[in-house]
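Build the full structure now, drawing on both the sequences and the hints.
Number of protein chains: 2
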Amino acid sequence: MRDFASSGRGRLARLAGAWAALTIFLVLNTASAFAQSDPLPSWNDGANRTAIVDFVKRFTTDGSVDFVAPADRIAVFDNDGTLWAEKPVPFEFFFAMDEIKRMAPEHPEWKATEPYKSVLANDMAGIEAAGMKGVGEIMVATHTGMTTEAFSKNVADWFATAKHPVRQKPYGELVYQPQLELLTYLRDNGFRTFIVSGGGVEFMRVFAEKIYGVPPEQVIGSSGVVKYELGADGKPELMKEPKVEFIDDGAGKPVGINRFIGRRPIIAIGNSDGDREMLEYTTAGSGAGLAVYIHHDDAEREYAYDRTDKLAKLDKGWDEAVAKGWQVVSMKDDWKVIFPPSK
Amino acid sequence: MRDFASSGRGRLARLAGAWAALTIFLVLNTASAFAQSDPLPSWNDGANRTAIVDFVKRFTTDGSVDFVAPADRIAVFDNDGTLWAEKPVPFEFFFAMDEIKRMAPEHPEWKATEPYKSVLANDMAGIEAAGMKGVGEIMVATHTGMTTEAFSKNVADWFATAKHPVRQKPYGELVYQPQLELLTYLRDNGFRTFIVSGGGVEFMRVFAEKIYGVPPEQVIGSSGVVKYELGADGKPELMKEPKVEFIDDGAGKPVGINRFIGRRPIIAIGNSDGDREMLEYTTAGSGAGLAVYIHHDDAEREYAYDRTDKLAKLDKGWDEAVAKGWQVVSMKDDWKVIFPPSK
Chain W
3 MRDFASSGRG
13 RLARLAGAWA
23 ALTIFLVLNT
33 ASAFAQSDPL
43 PSWNDGANRT
53 AIVDFVKRFT
63 TDGSVDFVAP
73 ADRIAVFDND
83 GTLWAEKPVP
93 FEFFFAMDEI
103 KRMAPEHPEW
113 KATEPYKSVL
123 ANDMAGIEAA
133 GMKGVGEIMV
143 ATHTGMTTEA
153 FSKNVADWFA
163 TAKHPVRQKP
173 YGELVYQPQL
183 ELLTYLRDNG
193 FRTFIVSGGG
203 VEFMRVFAEK
213 IYGVPPEQVI
223 GSSGVVKYEL
233 GADGKPELMK
243 EPKVEFIDDG
253 AGKPVGINRF
263 IGRRPIIAIG
273 NSDGDREMLE
283 YTTAGSGAGL
293 AVYIHHDDAE
303 REYAYDRTDK
313 LAKLDKGWDE
323 AVAKGWQVVS
333 MKDDWKVIFP
343 PSK
Chain P
3 MRDFASSGRG
13 RLARLAGAWA
23 ALTIFLVLNT
33 ASAFAQSDPL
43 PSWNDGANRT
53 AIVDFVKRFT
63 TDGSVDFVAP
73 ADRIAVFDND
83 GTLWAEKPVP
93 FEFFFAMDEI
103 KRMAPEHPEW
113 KATEPYKSVL
123 ANDMAGIEAA
133 GMKGVGEIMV
143 ATHTGMTTEA
153 FSKNVADWFA
163 TAKHPVRQKP
173 YGELVYQPQL
183 ELLTYLRDNG
193 FRTFIVSGGG
203 VEFMRVFAEK
213 IYGVPPEQVI
223 GSSGVVKYEL
233 GADGKPELMK
243 EPKVEFIDDG
253 AGKPVGINRF
263 IGRRPIIAIG
273 NSDGDREMLE
283 YTTAGSGAGL
293 AVYIHHDDAE
303 REYAYDRTDK
313 LAKLDKGWDE
323 AVAKGWQVVS
333 MKDDWKVIFP
343 PSK
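Line by line, the protein sequences are chains W and P. Taking our numbering, the leading residue of the first sequence gets 3, the next gets one more, and so forth. Taking our numbering, the leading residue of the second sequence gets 3, the next gets one more, and so forth.
One or more hints might be untrue.
Copies of the same chain are indistinguishable here, so a pair counts whether it falls within one copy or spans any two.
Said to hold, decoys possible - In silico DSS-like links for lysine-lysine, alpha-carbon gap of 25 Å or less: (1) K229 x K245; (2) K237 x K315; (3) K237 x K326; (4) K155 x K229; (5) K338 x K212; (6) K338 x K155; (7) K155 x K171; (8) K315 x K229; (9) K326 x K229.
The set of hints was computed from the structure by calculation and includes no laboratory data. All of these numbers come straight from a predicted model, not from anything done at the bench.
Right, dumping it as structure tokens:
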């Protein structure tokens, strides 16, 4: 080895050339070996799985009419109801409720004031009665008035121990196994996977890399105003203010994609009308685009909700999907399993 | 070859193992071979070059107290005056002036109306007399009222042919050669390089990948409101509205970094007071952070401006740099060349 190290760049160059040839050979053969195995093991054979795989091949095969350079292979995923479950309420609201309970000792007045009173009593009907105003107050109390660092720590502490009150599982286990495989499959094919969600961007960033492999700068979401200040000790801080900055939902999703990514995606996956414009935008480019709706039709293994759901309806978007030939995935028929095996 | 291809995964696996060992060996030796060569050839030896290289080693060497995992190696660069020149005015303003001239045939009234009249006459004093209001009108006329696609095409067409009116060079040649080397050096060491600029994000995204190797989603800048609409033909469009959405300057830079990246950088490079908070924020984390100011002190090869400049002063930030031990790079003393060789 010492001879090689001291032999100079000429020998290194020849060795590098041999290595390059060997690498190309191995990559070609390993890729085809893996392709023969199943990249989406939890997806049943069917029109949807076939369409997804076909699109990926069209985008990534040299010489294909629809070939897209790796730099432009952008896939966007909604989060709630698309990558993980969102019932009975989006999990960020469970976080907020748990935070109210955690902070209650510092707010004795909450015991007698709605909506906090209903949260402390786990009274969902009482919370619903408090309406959007009550939900807003719960979000302000738990998402604003602290630094971004403190907020992220609150989320991390919660995520490490909290369990879904009905399913009694950590929220990180309520992700969709077939979607984890899809994320991996796309990344293996040179895609960059982004989350484009109406949920809070700072909430999701705490765990999205861990549970989805999506790093913070590839998470796009809603945000409140943040202000740069010097704290009491003169140290710079970012304070979360009680003012909405951007709602990344509906028509806001293509706006957010344009602002945060700056490229039109070629694959978009959602589950509700709030994703409709994102799927429209993705399929309106000059080249091919794949739009996929995940339809919640599995009351037994997960939840069944669509056209009439109060929080996440899939109604106008479904009609558009049918009219435009977007893929509509049936969780019941297309997915062998819903959640990953328990740890 | 056919024997290998048909021999199944066992042989592939052994071949892959041998390849892995060879790769590791080559990478180790090639890296050290390159390290013996000069990664920053246009930077003179001196305290600043040494500090930059030392910091990068501290961040990237296994076992170092300041080791940072690749995922957290974020470097942020201002653009105007840090990556390329910004005199006599930031180049986006030259774009706006050229657009006024291009659009003038459709606006005969501009011949008699300020500030358009002064722009058409190349009368910089007249433009200055029109003040911020006049500048705002020029920006609205050239940056809003069209789709994002149309705007990007206008920028691309301009960038392909426009020349700096004084230096008579394409703007893409007025980048700083030592900074191109620094971008490459950081990326070779596992950093992700972002631009964090007060300039327009949609303006910069058209050419940042080409001239700096920074892809659109790693460009953070100022933006106007964008609205998602269905155009006349029913096709989705993003319309640029005449309303400011976010100014990515001063205290806005850490806010923008938090929103768009979601991680604190460990290296930040700027040239004016507008970068002060970004450099503060970068060096206020729990670990080490490198803050660098590029000081324009080379009247002969570029421009000399600092404490009293009207557009890009370096005054309070310089004092803070000295007080806190940030690097202050002298373009005159630290840079062997300013611009890349002409093409």
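Here is how each hint holds up against the structure:
no.	hint	verdict
1	K229 x K245	both (11 Å within a copy, 20 Å between copies)
2	K237 x K315	between (45 Å within a copy, 24 Å between copies)
3	K237 x K326	between (53 Å within a copy, 13 Å between copies)
4	K155 x K229	within (18 Å within a copy, 34 Å between copies)
5	K338 x K212	within (23 Å within a copy, 45 Å between copies)
6	K338 x K155	neither (36 Å within a copy, 46 Å between copies)
7	K155 x K171	within (21 Å within a copy, 50 Å between copies)
8	K315 x K229	between (34 Å within a copy, 23 Å between copies)
9	K326 x K229	between (43 Å within a copy, 23 Å between copies)
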